[in-house]
Amino acid sequence: MDQTPFERHVWAEIDLDALRHNFRLTKQWAGGMPLCAVVKADAYGHGAVRCARVFAGEGAAWLAVSRLTEALELRRAGLTLPILILGRTDPQFAAALAASRITQCCYSLPYARALSEQAAAAGVRVEIHLKADTGMGRIGFALRTDFDAAIREMIEAARLPGLQMTGLFQHFSVADEAGPDSTAYTAAQHALFVRAFEALRAGGCEPALVHCDNSAGTLLHPDWPAGLPRARCMGRPGIILYGCPPSGEVPCPGLRPVMTMKTVVSMVKELQPGQSASYGRRFTAGAPTLAATLCAGYADGYPRLLSEGKGVVDLHGAPCPVLGRVCMDQMLVDVTGAPAVREGDEAVLWGGATAGDTAETIARKTGTISYEVLCGVARRVPRVYLERGKTVYIDEHLNV
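Residue 1 is where the sequence shown starts when you use the UniProt record's numbering, and the numbers rise one by one after that.
Worth double-checking, as some hints may not be accurate.
Below, computed lysine-lysine pairings styled on BS3-like, alpha-carbon distance capped at 30 Å [claimed, not checked]:
{"id": "1", "residue 1": "LYS365", "residue 2": "LYS310"}
{"id": "2", "residue 1": "LYS40", "residue 2": "LYS27"}
{"id": "3", "residue 1": "LYS269", "residue 2": "LYS365"}
{"id": "4", "residue 1": "LYS40", "residue 2": "LYS269"}
Pair by pair, the computed Cβ-Cβ distance ranges are [stated by the list, open to error]:
{"id": "5", "residue 1": "ARG53", "residue 2": "ASP146", "range": "39 to 45 Å"}
{"id": "6", "residue 1": "LYS365", "residue 2": "PRO161", "range": "51 to 57 Å"}
{"id": "7", "residue 1": "ALA178", "residue 2": "ARG380", "range": "24 to 30 Å"}
{"id": "8", "residue 1": "LEU81", "residue 2": "ARG282", "range": "47 to 53 Å"}
{"id": "9", "residue 1": "LYS365", "residue 2": "GLU73", "range": "49 to 55 Å"}
{"id": "10", "residue 1": "ASP146", "residue 2": "VAL392", "range": "29 to 35 Å"}
{"id": "11", "residue 1": "ARG53", "residue 2": "ALA188", "range": "37 to 43 Å"}
{"id": "12", "residue 1": "ASP146", "residue 2": "CYS375", "range": "20 to 26 Å"}
{"id": "13", "residue 1": "ASP17", "residue 2": "GLY309", "range": "30 to 36 Å"}
{"id": "14", "residue 1": "ALA226", "residue 2": "ALA178", "range": "17 to 23 Å"}
Hint data in this document are derived by calculation from the structure and do not stem from the laboratory. Quantities reported herein were computed from a predicted structural model and do not represent experimental measurements. Beta carbons are placed, not taken as given, at the ideal position from N, Cα and C, and that holds for glycine.
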């Protein structure tokens, strides 16, 4: 990367020390079980390559991504850990999967046959992990629909030419919900997964590796290798590595937020009674109001749903609510309570400040989850990586 001077406009600070702390804490919660660190979606907006390097240095056993391009980015960056693609890869890329030693999720017999055909034609062998659908209902061999038929299909898929089955996994759908119905449903998913493992073993296709615990599962059910050979089990955490709980129902004591979104003040002005601010004139001053314009908007990942006072920004340790509508590239906040604010001052949009929002509070205010808030940070926003409070690397997709 061309390391040019960094323009302070809007940026995301990524605390690599917090990332390490969260990985170590998750390892403890998992009872020392090997971990597959999920770095899909550019590590939930944090930067997949940099985060993957930290996880590799901390002893991660695997990395997980969503698609082939994400896996290849890690390989090009020199990451040598095993990589699992959690979703579909077009079978025509079987040779690329084999060449880069990338393990592919295999979720149905038709898909397995198509992947096998392409692998055999290319003269390669693709490693696969069988995906069991125990109740998520997205992709996976449908164990709840017809268990015996699903097992037969899984065994047939594992024995196809050009494929090498090395693992079995599934995904919990409500492990982050604490109600009795959800708890029972998660337990039923796990029991069905254990039953599938036993059936595969009885059929001569015992998986070498099994993984079922997402972030919530890792936190709430670290004992759930129970019923499975513990030496073959692995956790697969995602959001908790980045410092956010899976939901408000899952306690995560000790997690440290990894991302802090920041911007700067471009202008400070006093709005007089009767003066309006931003599109639609959704705010009109009823009294003299000190307003600061910030260099950030919804194109950077600050949700427009935080308009009209819902969003709160930290400026000089003071909570400053949004005035009017959030624009594409700019926004206004009320700094009447922070009269010392000047042009060029730093503002914290969310993250490592006490007076403003966090990713979780923004999620609650906008009717979504912290995952979406983090993943929504735009590509144009530089990621500034910190260790011991000092900048060690700046990733700018749009260099100046």
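Right, here's what the structure says about each hint:
Pair hint LYS365 plus LYS310 holds up; C-alpha atoms about 7 Å apart against a cutoff of 30 Å. For the hint linking LYS40 to LYS27, the alpha-carbon distance of about 19 Å falls within 30 Å, and the restraint holds. Between LYS269 and LYS365 the CA atoms are separated by roughly 27 Å; this keeps the pair inside 30 Å, and the hint holds. With a C-alpha separation of about 42 Å, the suggested pairing of LYS40 with LYS269 is violated against the 30 Å cut-off.
The supplied range of 39 to 45 Å is met by ARG53 and ASP146, whose beta-carbon atoms lie about 44 Å from each other. As the Cβ distance of LYS365 to PRO161 is approximately 53 Å, the hint placing it in 51 to 57 Å holds. For the pair ALA178 and ARG380, the supplied restraint of 24 to 30 Å is violated, since their beta-carbon distance comes to about 38 Å. Taken as a hint, the range 47 to 53 Å holds for the pair LEU81 and ARG282, whose Cβ atoms sit roughly 49 Å apart.
For LYS365 paired with GLU73, a C-beta distance near 33 Å fails the hint of 49 to 55 Å. Distance hint for ASP146 and VAL392: a CB-CB separation of about 53 Å, inconsistent with the stated range 29 to 35 Å. Against the hinted window of 37 to 43 Å, the Cβ-Cβ separation of ARG53 and ALA188 comes to about 38 Å, which satisfies the hint. At roughly 35 Å, the beta carbons of ASP146 and CYS375 sit outside the given window of 20 to 26 Å.
A C-beta distance of roughly 34 Å is found between ASP17 and GLY309, which places it inside the suggested range of 30 to 36 Å. Between ALA226 and ALA178 the Cβ separation comes to about 20 Å, which falls inside the hinted range of 17 to 23 Å.
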